[in-house]
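In the order they appear, the protein sequences are chains A and B.
Its first residue numbered 1, the first sequence is counted upward by one per residue in the numbering used here.
Its first residue numbered 1, the second sequence is counted upward by one per residue in the numbering used here.
Incorrect hints may have been included.
[As the list claims (entries may be wrong)] A short list of chain A residues far from chain B (calculated; beta carbon distances all over 12 Å): (1) ILE40; (2) SER41; (3) SER157; (4) ALA163; (5) ASP192; (6) ASP237.
[Said to hold, decoys possible] DSBU-like mimics (lysine-lysine), calculated; alpha carbons at most 30 Å apart, straight line: (7) B:LYS251 / B:LYS72; (8) B:LYS72 / B:LYS151; (9) B:LYS241 / B:LYS406; (10) B:LYS247 / B:LYS132; (11) A:LYS332 / B:LYS247; (12) B:LYS97 / A:LYS328; (13) B:LYS475 / B:LYS400; (14) B:LYS151 / B:LYS192; (15) B:LYS251 / A:LYS311.
If you are wondering where the hints come from, they were derived from the structure by calculation, not from laboratory data.
Even for Gly, the Cβ is constructed at its ideal location relative to N, Cα and C.
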Amino acid sequence: MATLTFTRDDRYNAFITMLDNAETGPGKLSGIGIAIKDNISTRGIQTTCASRILEGYLPPYDAHVVTLVKKAGAGIVGKTNMDEFGMGTTTENSAFGPTKNPADTSRVPGGSSGGSAAAVASGMVRMALGTDTGGSIRCPAAFCGIVGHKPTYGRVSRYGLVAYANSLEQIGPMARTVSDISLLMEVLTGYDPRDSTSVNCPYAHIPDPDIRGLKIGVPEEYFGEGVDPRVASVVWDGISLLERKGADIITCRMPSMAYALAAYYVTCTSEASSNLARFDGVRYGPPADTRQTWHESFQERRRDGFGTEVKRRIMLGTFALSSGYYGKYYAKAQAARQQVRNDFLRLFREVDVIAGPTMPTVAFRIGEKTDPLSMYLSDILTVPANLAGIPAISVPCGTSEGLPVGLQIMGPHFRDERVIDVAYAFEQGVSR
Amino acid sequence: MTGTADTAGQESRVMDFSDDEVIIGLEIHCQLDTLTKLFCGCSTDYRDDGPNTHVCPICLGLPGSLPRVNRKAIEYALRVAKALNCTIVEESEFARKNYFYPDLNKGFQITQYDRPLAVKGYLDIEGDDGEKRVRITRVHVEEDPGRLVHKGGADRAKYTLVDYNRAGIPLIEIVTEPDIRSPKEARKFLNKLRATLEYLGVFDSEKEGSLRVDANISIQPRGWFDREGKGKADRGRAEVKNISSYKGVEKALTFEVTRQKNALRRGQRLGTETRHFVETRGVTTSSRSKEMEQEYRYFPEPDLRPLRVCTWADEIVLPELPDARRARFITQYGCSPIHARTLTGDLRVAEFYEQVAGIDPVFVATWVADTLLGELNYRDMSINRVSPDWFRELIVLVHKGNVTDKGGIEVLRSLLDQIRESGSCETPGVCVGRLGLRVLERTAETMSEDDPVVKAAREVIAEQPQAVADFAAGKKEAFNFLVGKVMKKTRGRAKPADVNQVLLAILGKEG
Ligand SMILES: [Zn+2]
Chain A
1 MATLTFTRDD RYNAFITMLD NAETGPGKLS GIGIAIKDNI STRGIQTTCA SRILEGYLPP
61 YDAHVVTLVK KAGAGIVGKT NMDEFGMGTT TENSAFGPTK NPADTSRVPG GSSGGSAAAV
121 ASGMVRMALG TDTGGSIRCP AAFCGIVGHK PTYGRVSRYG LVAYANSLEQ IGPMARTVSD
181 ISLLMEVLTG YDPRDSTSVN CPYAHIPDPD IRGLKIGVPE EYFGEGVDPR VASVVWDGIS
241 LLERKGADII TCRMPSMAYA LAAYYVTCTS EASSNLARFD GVRYGPPADT RQTWHESFQE
301 RRRDGFGTEV KRRIMLGTFA LSSGYYGKYY AKAQAARQQV RNDFLRLFRE VDVIAGPTMP
361 TVAFRIGEKT DPLSMYLSDI LTVPANLAGI PAISVPCGTS EGLPVGLQIM GPHFRDERVI
421 DVAYAFEQGV SR
Chain B
1 MTGTADTAGQ ESRVMDFSDD EVIIGLEIHC QLDTLTKLFC GCSTDYRDDG PNTHVCPICL
61 GLPGSLPRVN RKAIEYALRV AKALNCTIVE ESEFARKNYF YPDLNKGFQI TQYDRPLAVK
121 GYLDIEGDDG EKRVRITRVH VEEDPGRLVH KGGADRAKYT LVDYNRAGIP LIEIVTEPDI
181 RSPKEARKFL NKLRATLEYL GVFDSEKEGS LRVDANISIQ PRGWFDREGK GKADRGRAEV
241 KNISSYKGVE KALTFEVTRQ KNALRRGQRL GTETRHFVET RGVTTSSRSK EMEQEYRYFP
301 EPDLRPLRVC TWADEIVLPE LPDARRARFI TQYGCSPIHA RTLTGDLRVA EFYEQVAGID
361 PVFVATWVAD TLLGELNYRD MSINRVSPDW FRELIVLVHK GNVTDKGGIE VLRSLLDQIR
421 ESGSCETPGV CVGRLGLRVL ERTAETMSED DPVVKAAREV IAEQPQAVAD FAAGKKEAFN
481 FLVGKVMKKT RGRAKPADVN QVLLAILGKE G
C-alpha cells in the first residue's frame, strides 16, 4: 500500500470534488491516480452529477467500476465536472460552473465528460473514467485532444452509474494514449451479475498496430452537411494515413443517419424523464419543508434543484411517453433505432471498421452555443454508435484553427479490440 | 321492482329493474412468498423488525442501483399462471409505470404492461348456480412500493414517515374477466384462488397486507353484458380500490350493489368512478381526488432484459391442487362431497385432516369439517393453533366411547379457549378428568347401588313419581323423559344404552 498525494491546483475547474490523497495498491493500475466522472457512485465521496439536487449525497456503495479500479491498485483523485446528469455537449450545464478546455481556455472542453477530459489533457491525472450516452466520452476527448473510448453496450457494468439514458450509456476509459485506454479496458470489462444488461466478455488484449488488409468504411454522411470542411479535411488526412499503413478505404452510405439524431433525443429524454423522477426531495437534498403539501414540496424541489437543460429534457421525455404520443415518438424512435442498428450490421458485413470525424467542428467558445437545437445537432456523428450499442473510439488526429480534431473509429459489437488496434495504428503512425 | 319516473320530468319513462344482473371483475394483488425481494437480495421477512431495516441501494432506488430479477418470484408466478390454466407467453417484459408518490422510491414502479407473463386462463369455482368458470385475463408480476406511516392518523398527522421495508416485495397481479355475478361469488372466487395459491406454496395468507383487491362492479340488464361486452357499460360502473380482506370484498360489493340499485331506481346516471372501501364503516366512498385519467407513461424497463419464460414454464411441475385433492378425499377417505369441499378449501385444513384421518376417515371428517372449523370460526382462530396430536387424542377418546360426542365438544371448547387465552392447553385426557366427562363404564350387569348409573336412575325414579306412574300406564314418552333426566343427572357421561337397560331393569322389577 502506498499513498498518492495531490495538489489542489484545478485551474480548469475539472473537478467537483478533489481529494488530498488516495490509497493505492498492487495491480494493473498500481500507483496511478485516476479521476472519476461525478455520475459514478463512490462510497462516502460526494456524487452530485453536477446537480444541485444531489448536492451532499454520499453514496453508501461503490459503483462496480470503482471497485474494479481500486482493486487494480489505482488511487481515486476526485470526481470530475460534467454537464448536469450528462445532459450537454460542453460541460457548461454544471451547477458547479463550466470546465475550461486546457487546449484553449476560452473554449469548452466538450461534454458531458468535460471534467474528465480536461483533467487528463492538462496532465492532472493519467487516466479518467467518463460515461458516454450520445458521445459524452468521445466529444470531450476530441475537443481536448485525448483518447476516449465508448465500449460495446454491456461490456462494462453500469452498476453504480447514475442513470441518464440506460439503454444508451456506457462507462469508458479516457487517457492520453491508446495503450492506457487498452490497459483501463482490461480492468473495466467483465461480467457483473448486478447489471442485467452486462455481458460476459472480458477484454484481454495488447494493441496491435498491424492493420494491413483491414477494410475501413467511410460513410458519406459523416462528411455531409454541418461538418466543418476544415475538420473534414483534417480527418481525411488521418484516414489517408491509415490507408498508407495498408488499410483499404471504402466509401459507403448510412441512410439511417437521417433519423439517428431524432431517435436519440426521443429515447434519451424519455428514459431520463423516468430516471430523474426519484429526485423528489424525500430521500436526497436538504430536508423537505413539512409545512407544505407533498405536491407543493416536490414541485418546488424539482423546480429549484434541476438546471434548465435538465428540465427541458424531462419535459421532452414526459411528452414523448404520454399516451397518444407514445406511438408517434417513443415507438417510432425505437423503429428508427433498429434501422441504425441494421445499417451498421449491413456495413460490417462489408467492412471491418467505420471511420469518420468524432465531432463536426472544433471546440466551441464558452457561451457560444445558446440555442439548444444547434447544440443537439453537434451530436450527430456520435449518437449512431450509442443507438446501435457498438464500440467507438476517438483518437487525436491533428488540429484545425489550432484546436484538436478527433478521428472516430467504430466497430462491430464486442470488437472493441479491433477499434483500439486501429486507433493504436493511427497513433503510432502520427508519432512516427 | 319498478323504478320511479325520471325526476327531471322531460321524459317520464318507467324503468324496470327486475331483470338486472350484477357484473363484477376483480384485480387481485398477492404477495409472493419468496425469501428475498423481487429485484434485490433483501429479506422479505420484516414483520418483527423496525422501519427501513430490510433495505439496500436497489430497493431504496438509490441513484446508480440496478434491479436484478429474482428467478424464484418469476417461477412462483408461472406456477400460478399454470394452475390458472393460462397461456404462458414466449417472451415477457418488465415496464415502468411512472408516477410521483413518496412511497415510490424511484418515481416509477417496475411492473408489466403489454407483455405480461401469462394471459387467457380460467378458474372453476362453486358459483351461485353450481360449478362455474371465471376467465382470467392476465397474470403479471410487479414490485410493491413502500409504506406511508401517518403518525396520529392520516388526517391529523403533521408529517408522514416512509418505510421502505415493503418496497420491492414481489406481487402477483391477477385480473379476471367480468364473469362474476354476485358479491358472494366474488368471495367464493377469492377463497378458491387463495386455496390454489397456498397449495402452490407461493402465498401466505396470514401475512399482513398479503392480499389487496380492486373490484369493478356495475349493474346491467340481464344478458346485456354478454351482448355488448367489456368497456361498454351504459349504466356506468364503479371501481372499488384497495380492499384488503376477503370479508371486505363481499361487504364492499354488497354495499355497492345496494347503492347502485338505489341510484338507478331514483333515475340517477352513474358515471365511471373510483371509490374507496372504508372497512370500519362497511361503506364505499367516492374518491376525493379529482376524476382524471391517470397518465402512467409506460415504457419497457431498459435495465432488464426480456424474459424467455415459455422455456421455464415447461420445467414447472404443479402439486396436487384443490379440485384434485377434493376428488381424492371422496375416493380415498369416503368423505361426503360437502365435507371434501370444506376440508380441501384450505391447505392447512386439508393437511390437518390427513394427519388425523387414520382413526376413522368419515368420523374424523365430520369432526374436523363441522365441529372443529365451526368452533375455530366462532373464536376467529386459525387451524394453525391446533396441534394434530392433542386433537387426535381427543378424537380417539370420543371414537372409543370414553367420552360422548357432547362431552368431546365440551372438551374441545375448553381446550380452544385455553389456547386463545394462554397459547397452550392441557391434554384432552387431563381436561376430560378435570371436567368429569369420562363416560360411566358399567363393568358388569350389576345393579349394585355403587354403580353411578344405577344410583342416578334410582334417584330420578324417586323424584319423578308421576312419570313413573305414566310409564306404568303404558305411556312411551314417559320413559324417554326419565332417560333424559338420568342423562342430565350423569351430565351426559352415561351411555344411552346403559341408561335404558338400567331403567328398564328397575322399573320392570318394581312395576
Ligand atoms: Zn433491497
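Now the hints, each set against the structure:
no., hint, in the structure
1, ILE40, "violated (8 Å)"
2, SER41, "violated (4 Å)"
3, SER157, "violated (9 Å)"
4, ALA163, "violated (7 Å)"
5, ASP192, "violated (9 Å)"
6, ASP237, "holds (39 Å)"
7, B:LYS251 / B:LYS72, "violated (35 Å)"
8, B:LYS72 / B:LYS151, "violated (36 Å)"
9, B:LYS241 / B:LYS406, "violated (46 Å)"
10, B:LYS247 / B:LYS132, "holds (21 Å)"
11, A:LYS332 / B:LYS247, "violated (47 Å)"
12, B:LYS97 / A:LYS328, "holds (19 Å)"
13, B:LYS475 / B:LYS400, "violated (34 Å)"
14, B:LYS151 / B:LYS192, "violated (37 Å)"
15, B:LYS251 / A:LYS311, "violated (47 Å)"
Violated hints, listed in ascending order, are 1, 2, 3, 4, 5, 7, 8, 9, 11, 13, 14 and 15; each of the other numbered hints is respected by the structure.
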